[in-house]
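Asks: With these hints in hand, go ahead and build the complete structure from the sequences.
These protein sequence lines map, in sequence, to chains G, F, W and B. With the working numbering applied, the first sequence covers 1 to 357. With the working numbering applied, the second sequence covers 1 to 357. With the working numbering applied, the third sequence covers 1 to 376. With the working numbering applied, the fourth sequence covers 1 to 376.
Treat the hints as calculated values from the structure; they're not laboratory data. A few of these clues could be false.
Derived CB-CB ranges, DEER-like [stated by the list, open to error]:
| no. | chain 1 | residue 1 | chain 2 | residue 2 | range |
| --- | --- | --- | --- | --- | --- |
| 1 | F | E327 | W | G375 | 23 to 29 Å |
| 2 | B | A10 | G | D285 | 17 to 23 Å |
| 3 | G | K30 | B | G68 | 55 to 61 Å |
With a cut-off of at most 30 Å between alpha-carbon atoms, the simulated DSBU-like pairs for lysine-lysine come out as follows [stated by the list, open to error]:
| no. | chain 1 | residue 1 | chain 2 | residue 2 |
| --- | --- | --- | --- | --- |
| 4 | G | K132 | W | K348 |
| 5 | F | K132 | B | K62 |
| 6 | F | K132 | W | K270 |
| 7 | F | K124 | B | K348 |
| 8 | G | K124 | W | K261 |
| 9 | B | K221 | B | K53 |
| 10 | W | K31 | G | K124 |
| 11 | F | K244 | B | K143 |
| 12 | F | K291 | W | K348 |
| 13 | B | K347 | F | K329 |
Heads up, the beta-carbon is just placed ideally off N, CA and C, and yes, glycines get one too.
One-letter residues, chain by chain:
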Amino acid sequence: MNFDYNEEQQLLADSVRRFLAKDYGFEARKKIVASAQGYSPQVWATFAQMGLTGLPFPAEFGGFGGGAIDLVNVMEAFGEALVVEPYLPTLMAGRAIARSPLAKSVLPAVIEGRMKLAFAHIEKGARYDLSKISTTARKSGDAWLLQGEKSAVLGAPMADKLVVSARTQNGIELFLVEKERVKALTTLDEMRAAELTLKATKAEPLGGDLELVEEITDFASALACAEAVGAMKFACDTTLEYLKTRKQFGVPIGTFQALQHRMVDMFIAQEQARSMACLACSKVDQSENAKQRARAVSAAKIKIADNARHVSQESVQLHGGMGMSEELKVSHTFRRLTVIAGQFGDADHHLARFAAL
Amino acid sequence: MNFDYNEEQQLLADSVRRFLAKDYGFEARKKIVASAQGYSPQVWATFAQMGLTGLPFPAEFGGFGGGAIDLVNVMEAFGEALVVEPYLPTLMAGRAIARSPLAKSVLPAVIEGRMKLAFAHIEKGARYDLSKISTTARKSGDAWLLQGEKSAVLGAPMADKLVVSARTQNGIELFLVEKERVKALTTLDEMRAAELTLKATKAEPLGGDLELVEEITDFASALACAEAVGAMKFACDTTLEYLKTRKQFGVPIGTFQALQHRMVDMFIAQEQARSMACLACSKVDQSENAKQRARAVSAAKIKIADNARHVSQESVQLHGGMGMSEELKVSHTFRRLTVIAGQFGDADHHLARFAAL
Amino acid sequence: MDLNYSAEEAAFRDEVRAWLSASLPLDLRQKVSSYAHLSKDDLMRWHRILAEKGWVAPAWPKEWGGTGWNLVQRYIFEEELGYAGAPPLIPFGLAMCAPVLLRFGTEAQKQRFLPRIYRGEDFWCQGYSEPGSGSDLASLKTKAVRQKDFYVVNGQKIWTTLAHYADWIFCLVRTDPNTGRRQEGISFLLMDMKAPGVTLRPLVLMDGAHEVNEVFFDDVKVPVENRVHEEGQGWTVAKYLLGYERMNTGRIGESKRQLAKLKEYSSSLKNDLRFRDRLSRLEVELMALEITNLRFLDRMRRTGQPPGADVSMLKIKGTEIQQMLTELMMQATDPAASDDFSVAVRKKYLSMRKTTIYAGSNEIQRNIIAKMTLGL
Amino acid sequence: MDLNYSAEEAAFRDEVRAWLSASLPLDLRQKVSSYAHLSKDDLMRWHRILAEKGWVAPAWPKEWGGTGWNLVQRYIFEEELGYAGAPPLIPFGLAMCAPVLLRFGTEAQKQRFLPRIYRGEDFWCQGYSEPGSGSDLASLKTKAVRQKDFYVVNGQKIWTTLAHYADWIFCLVRTDPNTGRRQEGISFLLMDMKAPGVTLRPLVLMDGAHEVNEVFFDDVKVPVENRVHEEGQGWTVAKYLLGYERMNTGRIGESKRQLAKLKEYSSSLKNDLRFRDRLSRLEVELMALEITNLRFLDRMRRTGQPPGADVSMLKIKGTEIQQMLTELMMQATDPAASDDFSVAVRKKYLSMRKTTIYAGSNEIQRNIIAKMTLGL
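Replies: Encoded structure:
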């Protein structure tokens, strides 16, 4: 048992934190969010230089062969800074490609930061059921053609290629598609996503199946949990700071016991969430046992969903009117925590899955 | 719209409250609970003199033709005083008899206070499902004979006669049985109940069906809601008093804001529960619409169950160690509120019923 | 005890409901129902329709346009407005400035302002909160210095709702900085938003909407005749307004409409036990709050006393219910959907977080109950 | 980062588990499992089995009988005791009086008391709380007046757990009533429960059980040699004990056993979604608390620092989990059942309400975190 980060993990996290503190402050982020592209190519290039885009990919393609556990601290830092770059979508799609014959031809560009990806799986009406997709793939001569619609594809507007799931006679399989123009959307938490319409769209087969989609989604869920913990940390830290500085009736409002106890409960919620994020990241790296992995991820998602709701709502409430203002970062953290609570399945979904395992 | 009690209701409630304040204090109650019989015949006689045993029965048998709404205030007073006399069981069984050919021969004794009753319906394993009973009734010559087991029959040890439900070829019907010796139990909230074993027990047919059992249970549930509100009122009042008098660190603990806010939430919980108890009692008196009645009762039971849990737990917690002591009435109120939260169906049961209606 | 409306009360409700059904323009109803932005024109159009009917200010004395309805009728009317999905009646003129003028104003002030408020010719806003004085109203710093027939006002207000629509603002200002108690030395001024020296800065909220503002006063001249009540008696005026009887703090009618809509909208989840249980508990809480509200109303009717601290309970529970309604509505949207309504619902969830903060945060409401009702 | 036990740690756990499986008497295990009353004999029987094995006081220095285990081993051992369903080791002697003697006691005091504590020959209880001084320990009033070689003690203690089993009580008493700070003038005395002037009154709790007592002192003579540390330095001793490192505040092992039992016992409700969701959320909370506990332990190991205010978090969450376990167990009983186990489960629900009150109420724990960890 050892909760310490090793030297490499610590160095990476430190440099990520230093970079974000310097170049990804609230004002810098505001400009990135407002930009046409909705992300910063410079920031992405820096991520690549730091090795983030290669970290979880096999060494044979130029990656570092790391796992989710190596990214816990990085994702926490992303959550604190509310990073909007399409890191998670790129990792998800890359994970699918890494298991395919195309790994060698595609992954190096991803790892070097020259290519961003998105993972197009979810469709309208499926809610969080990963098996509910109706996009189809059929073979026409040598080519595969996809037909269907994908929704809320995170990172699609800035992606260069898309990994798309579709039904074949073998069940669900994955395909690589060149990104054409898509209708970009801004999500509630200020990221970019797109609706995707596939009309006899040419695609390269990647293989894979529903189990792979589940594995990829669990991997991303665990990382999203760590990210949520970072966002909670910011929400707690900034609320604590506010309680100490904001005065009413001549004293800091942090002297009011009712607010103190609520602050303590936020703090405990954050620590409990952090424990579950650690657990989930550790279990997704132990790929030999899919059931254990799924159980840990669902458990973590339940806790993160519940506590993200609690911490986000309290952080705004304890800020009073200021918490409602777009000018304070805490309101943006509220948005991120609201979205992340439901990302890859809300508490209800994971309660059902947890109990069934 | 008018939330006032009319003069008769007010007079009755006032005299009940005066009597309980004088003769049913915490010490007096302790003696009654510890007595062999588990209730006080004198108290029962007084209830009869006040007209309580006749209130909800038709005038033709000597009653006053009142409804649940006439008893709201009385039941609240019972809840505050933690009355253990078998009033609710007697009303339930009496309500069944009132609809039967035996009304004329049995009810006058009940109304005059000479006879106590119990209502034996629930069996083990049914949880709160009123249709799940397996006791049977068969005709042998002119006589009806009952076979089966009834559980947790409240008030059975002190009852003179029992109304028992059993399956016949017509479905569920009700029967009147002479009380023989039963194995008495003390419930968690210090009332007396019994397990009932029926072995070819002679019984007189009362007619009725599952719908009647449901109507009787809804009637009793509504009254139990009002009783719970009284218990909550005591829990809130005594906790408030404690906050004002108990000192720590040189000041009354009621000056601590965290405790103030929790006290306020208890107070609000009590008021919301009271509103629902009023609604339920008002709807059970409008017998023309069974669905509306059931919906209101289930809604009330949900709120009362949730708020009884909340108020009881907080009342003990805010008392600190003193709340745990048998010597303080609040710990007995905790027991009553714990039981009443599940009586005639817990929140889960009524959530299912509410949504199905 | 009778929890049903009497025949007369029911008839009144039916009359109001029928009129609303015929008179509330469909486009406005739809805007409200789809959480769309309501423009100043939308708000004032509905105001004028009610004014024409004579129903825009039921609580006013009859001589100024009031309807003479009793408490229960006024409650029914307000709840029916919410239930029908009518645009809100902005309270700053009708329900805040007007009662103050009726109680403390000079005849000239009444004649000048009340008819214009009634007809919707002046749009009012409220200048109470200041940076650093949220719940602690008496710590306000905006200064008004008397110079002959004018006050010269300097300072800043914050969270000023719809100031960007407003023609007038009523303000608490400090006319005497040297008093012992902070509640003294405050005066109540009516200020023209078009006066030189008044500037606005929008404060965009979490959902991206512009609803509240900062208002800055730089040497704004306010004629002395625009002061209401005595100089230094502003706190008395403010307190009167806080205690002013409000019928619909719980916003039951509005929440009933939202609940009905939520049930319809979430029909695909009707077999989702978890969602349904949350919905049921919410419905029960609302049922309870409606009875609680009626019980308080009934007591006001019987005793003739203002509602007091009980209103705080309606504020707390009412806003919790409103928030939960939008949260469940958000849960009911398809997470993969990005149509206008789904997006509007999610933004509504963000926006509704304000309800437990504004108009006296729910923490302040709990303080009030603790002190006033429970004696802690 | 590695959340799994190392091979050595796992081997140690297996060794403890195997020994417990062989050595914990079945009747004791069953009593614990069925929430039955544990007599003094039951408690001491288990104490002596552990003493014989040499495992009754792992944290003590090796010379006095400690095992020399590291932090993680001690944690594992304590959790395994709870997981196995062993009777509790009463802490007053082993984990409270002994550490105090080891830190502040004279050699004579150590020689006299420690071996008897180890072997279970003396049963100790703790005399801290007094009527009117619950969380506010420093307000204690029990007086000890020095007369030559004796203190004469007068006063009263309350909530004294298992005083009716005890041979000895350690007490905080006021030896100087005229100090400036209330924390001064307090001394730490070891008192013989059989001394003349010591009387008991049982305090029966909500579940009908006799567990705690009032203890009265009337002119009880305590030899001066039974004072630990300097006169007037009792607060230093008390503070040391409060900060004394505790491994199992969260009682994870015990709760894991209860959870497993609850799952088995509620198997008929496994299709009851509402019950199952509560069970799942509880299990997740417990999983989280276990990791949180291990994280704190790991930090103690790395930094060598005592756990500080974090322990308060384990107390808060641990007791909430324990209460919820008994509440769900109660819900799982057939409401119509009245067999012994169902009755015991319901009483256990009553009894467990004390956990959020005793050992520093959860409100006090929140105060501690607010002050010590958050700096509020």
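Asks: Now, for every hint given, state plainly whether the structure supports it.
Replies: Okay, the hints, checked on the actual structure:
no.	hint	result
1	E327(F) - G375(W): 23 to 29 Å	holds, 26 Å
2	A10(B) - D285(G): 17 to 23 Å	holds, 19 Å
3	K30(G) - G68(B): 55 to 61 Å	holds, 58 Å
4	K132(G) - K348(W)	holds, 29 Å
5	K132(F) - K62(B)	violated, 63 Å
6	K132(F) - K270(W)	holds, 26 Å
7	K124(F) - K348(B)	holds, 21 Å
8	K124(G) - K261(W)	holds, 21 Å
9	K221(B) - K53(B)	violated, 38 Å
10	K31(W) - K124(G)	holds, 26 Å
11	K244(F) - K143(B)	holds, 28 Å
12	K291(F) - K348(W)	violated, 34 Å
13	K347(B) - K329(F)	holds, 17 Å
Checked against the numbered hints listed earlier, the structure breaks hints 5, 9 and 12; every other hint is satisfied.
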